[in-house]
Amino acid sequence: MDQMSEDAAAVARARGGDQEAFRLLVERHSRSIYRLAYRMTGRVEDAEDVVQETFVRAYRQLSRFEARSNFATWLYRIGFNCAIDYLRARPRRESSETDDKLEIMSGQNRGPSVDDLVYAGEISGRVQNALESLSPQERAAFLMRHYQGCSIEEICRVLDLRTNAAKHSIFRAVRKMRIALRPLVSQPTR
Amino acid sequence: MKDHEMTSTLHPTEDELILHFYGESQRDDEAVLDAHIRSCPACAAIWADLCDTLKLTDSARVPEPDEAFEQKMWARIQPALPTEDHVGGSPGIAARLLPFRVRTPLRVAAGIAAVAAIVALVVASGRVGRTDRLPPTVASTASTPADRAARERVLLTALDEHFQRSELLLVEVMNAEQSGTTELGFERQTADDLLVSGRLYRATAQQNGNVRLAQMLEELELVLVEIARSPDRMDQRDLSSLRARIENDDLVFKVRALTKQIEGRQKTLATE
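Respectively, the protein sequence lines represent chains A and B.
For what it's worth, the working numbering labels the leading residue of the first sequence as 2, then goes sequentially.
For what it's worth, the working numbering labels the leading residue of the second sequence as 1174, then goes sequentially.
Simulated from the structure, these hints should not be mistaken for laboratory data.
Be aware that a few hints might be false.
[Claimed, not checked] Straight-line distance between alpha carbons at most 30 Å, and here's what the computed DSS-like set of lysine-lysine pairs gives:
| # | chain 1 | residue 1 | chain 2 | residue 2 |
| --- | --- | --- | --- | --- |
| 1 | B | K1228 | B | K1427 |
| 2 | B | K1228 | B | K1245 |
| 3 | B | K1440 | A | K177 |
| 4 | A | K177 | B | K1228 |
Construct the complete structure from the given sequences, taking the supplied hints into account.
If you want it as structure tokens, here you go:
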């Protein structure tokens, strides 16, 4: 049995109130939902909240899931919408850091792969800053296109957008990325 | 592109190039665009910049959760699930009442990680704190010279920004108008930011046995703490005392020296 069939079977059992079946779905998909949630929110704690809410919403909406559909895709759709709601409800960030966080971050950066951390960490910071300057909807559209490989058509369906709105969200996001990452890219620009 | 009107002389817009990157152009346009990019140096440069930017975006990390993540999430999700009567139907009371948890926000972790990692790299290689110029390359796992240059550019850009901010802060404090009490709200916030990265810097210097650098950073940290913890308005006596400390420790000079080393290396890199 492939994963899609296994998911469909687990959904069928979960619909009947079998929480153990739903636990299998959580174990199978929570990590990928976490990744999209982290890219949307930029924080581990927030991403975990979004994962939790995504699965709770999914459980409540199991009756709407069509057995022939891909559960992972269906769950992504819920995950993006949860993340958008979360970002709209979240207060703006404070600019100070706690000592505990400081120690954690300091400790994480010991070790031989520090050069990779420098590179990826700097880019992550700039990418995240650029993402945070976008509206939640624009952010979701860009992440779906760039990281999830969703087509414009799929993005429109998930986010309930018109084609032009979805495209313009992506255009704005890419322009922000170009500005944010310009110092790190050596090519001349128009 | 409208009505397939692209010719070899009509330049595509940035939006058209973005759609092209994601394979969302119309099929006929794809070939015309490719041909145009090959024949037009200006568009080829923009296309390369766009591709490089989006390739860099792929490098943005997501912190991987630990092995117990799935179990931890299930432990959070299960109590929040509605009762059997509500599966797939209208939400139960528990579900309706379940709000997103709103926490005291923390600072951007990625930015901190970047500074910490930069600090570790620079200190480990013993570059900062010496009077000689920065060595020509950053130790790297990158496979090609272009990759190594890109990595070093990232590193130097971040370091440059960090030390320039430190220098600017100190100069602003030294030049702040002194009449009765002095407003230092912006400086306090900046000092608070720099304090975080400075502590990481010093801790890593100590771990790597770079005593000289650690001592210098400790001096800087004491001043940053003083600025960060100061009241909104600082009286003349406290401001004079703060300025005397900055002057006596030669802090502006030391920070400026670090900035110069980094800028020198950036210039060298740009000509290579």
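How the hints compare with the structure:
1. For the proposed pair K1228 (chain B) and K1427 (chain B), the alpha carbon gap of about 37 Å is over 30 Å, so the pair is violated.
2. Restraint check: the Cα-Cα separation between K1228 (chain B) and K1245 (chain B) comes to about 33 Å, which exceeds 30 Å; the hinted pair is violated.
3. As the CA atoms of K1440 (chain B) and K177 (chain A) are separated by approximately 26 Å, the hinted pair is consistent with the 30 Å bound.
4. For the suggested pair K177 (chain A) and K1228 (chain B), the alpha carbons sit about 14 Å apart, so the restraint of at most 30 Å is met.
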